[in-house]
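One letter stands for each residue in the lines below.
Protein chains: 2
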Amino acid sequence: MRLDIRLNAIVDPENAGRHDLIDLARRCAAGGATLVQLRDKRSETRVMIEEARAIKQALAPLSVPFVVNDRVDVALAAGADGVHVGQDDMPVEDVRRLLGASAIIGLSIKNVGEAEAAPVELIDYVGSGGVYATVSKQQKNAPIGPAGLARIIEALRRRSQKPLPVCGIAGIDESNAAAVIAAGADGVAVISALSRASDPTVAARRLREIVDAMLAKRGT
Amino acid sequence: MRLDIRLNAIVDPENAGRHDLIDLARRCAAGGATLVQLRDKRSETRVMIEEARAIKQALAPLSVPFVVNDRVDVALAAGADGVHVGQDDMPVEDVRRLLGASAIIGLSIKNVGEAEAAPVELIDYVGSGGVYATVSKQQKNAPIGPAGLARIIEALRRRSQKPLPVCGIAGIDESNAAAVIAAGADGVAVISALSRASDPTVAARRLREIVDAMLAKRGT
Numbered sequence: 000m001r002l003d004i005r006l007n008a009i010v011d012p013e014n015a016g017r018h019d020l021i022d023l024a025r026r027c028a029a030g031g032a033t034l035v036q037l038r039d040k041r042s043e044t045r046v047m048i049e050e051a052r053a054i055k056q057a058l059a060p061l062s063v064p065f066v067v068n069d070r071v072d073v074a075l076a077a078g079a080d081g082v083h084v085g086q087d088d089m090p091v092e093d094v095r096r097l098l099g100a101s102a103i104i105g106l107s108i109k110n111v112g113e114a115e116a117a118p119v120e121l122i123d124y125v126g127s128g129g130v131y132a133t134v135s136k137q138q139k140n141a142p143i144g145p146a147g148l149a150r151i152i153e154a155l156r157r158r159s160q161k162p163l164p165v166c167g168i169a170g171i172d173e174s175n176a177a178a179v180i181a182a183g184a185d186g187v188a189v190i191s192a193l194s195r196a197s198d199p200t201v202a203a204r205r206l207r208e209i210v211d212a213m214l215a216k217r218g219t
Numbered sequence: 000m001r002l003d004i005r006l007n008a009i010v011d012p013e014n015a016g017r018h019d020l021i022d023l024a025r026r027c028a029a030g031g032a033t034l035v036q037l038r039d040k041r042s043e044t045r046v047m048i049e050e051a052r053a054i055k056q057a058l059a060p061l062s063v064p065f066v067v068n069d070r071v072d073v074a075l076a077a078g079a080d081g082v083h084v085g086q087d088d089m090p091v092e093d094v095r096r097l098l099g100a101s102a103i104i105g106l107s108i109k110n111v112g113e114a115e116a117a118p119v120e121l122i123d124y125v126g127s128g129g130v131y132a133t134v135s136k137q138q139k140n141a142p143i144g145p146a147g148l149a150r151i152i153e154a155l156r157r158r159s160q161k162p163l164p165v166c167g168i169a170g171i172d173e174s175n176a177a178a179v180i181a182a183g184a185d186g187v188a189v190i191s192a193l194s195r196a197s198d199p200t201v202a203a204r205r206l207r208e209i210v211d212a213m214l215a216k217r218g219t
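Order-wise, the sequence lines are chains E and Z. According to numbering that gives the first Met the number 0, the first sequence holds residues 0 to 219 in order. According to numbering that gives the first Met the number 0, the second sequence holds residues 0 to 219 in order.
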């Protein structure tokens, strides 16, 4: 089954704004997030596992899948649905071996070279960017923009037999989400656009409306 | 089988002195380390896995077991023999569930309260301290000294049906290793005493001689 990547909500204790992390995850999902990711680069392992278990429990009634950034150990301990890995994290081959065939595995792809090298048959979705400048993460490279995103999506389409969902990431909000979908993405990944909103449920709903309208135009 | 904890060599890229990390692990094992632990609190996950695989390969001809500090994901990916966890890392119950019955699991215990709460039936050894002041790690608590170590060992003996090997840790070198064994420990865990030595093999051999002589006196 093709993963629904229309709105990938990433929750991060360092970028949760005034919201409680678990409540933020719940409210994003209630507003229409189709995938939730926990991204925690600083906490002790035990805290990460507690966060992951609490988010998993909060999302269960909403049937929204949940992945953990980088940490396969945390995903395994908490029973998450999968992981999202970057190019400096565990190699996808090892992740698939450790998590099994049914786990969701997402991979970050920042340029065409990485798209051409990616083990596309082993992953369920791609997060691609940074599309725009962002405040949520230090960016080593200049934003690739919608045009750069389109080139990566094109490179992935040439390589993958199955349709591989791609979401754009970095600096995406209501003002530019439509351009990301217009570039060929299947969805958007957001941190600040949800965590900085006074009501993340409303913010998620608006982003979903924009994404859904653009996908409808494309006829997918 | 009771784990041989006489000389637990901990190798850490931040405390490797002038040695290459993998070569340091090999030389410690060649000199008589009975357990090697990789402790890396800073590197990206992919680098940690590469380090762990290289150490595992280096130790294989010497038949010295190898554990990874904290990171169950790295241990699984690299096929390490087990993990060493602290009180802020993954709970031991989860580690045992994920790694299976044959894995080596070590636990850090800093005081009698932690000894009384520890799931002793699920672990293979204990690292207890900080016994002395150390330069290898930031210490939150005052050193417990050999007397504090003896109290922890006593608390563990009251709780455990099986003999549970305990090594002292922190600030241990040739000058004080005998006192650690005299306090009741079954071995010593060291970082700097090996990594700062010009020849880690010679340093490991000397530490083993001290530990072995003291254990022989005790008749174990």
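Don't read these hints as lab results, they were simulated from the structure. Just so it is clear, the structure is predicted and the values come from calculations on it, not from any experiment. Don't take every hint at face value.
Stated by the list, open to error - When the alpha-carbon atoms are kept at most 30 Å apart in a straight line, the in silico DSBU-like pairs for lysine-lysine are as follows:
hint: 1; chain 1: Z; residue 1: K216; chain 2: Z; residue 2: K139
hint: 2; chain 1: E; residue 1: K136; chain 2: Z; residue 2: K40
hint: 3; chain 1: Z; residue 1: K40; chain 2: E; residue 2: K139
Checked hints:
| no. | hint | in the structure |
| --- | --- | --- |
| 1 | Z:K216 <-> Z:K139 | violated, 34 Å |
| 2 | E:K136 <-> Z:K40 | holds, 20 Å |
| 3 | Z:K40 <-> E:K139 | holds, 22 Å |
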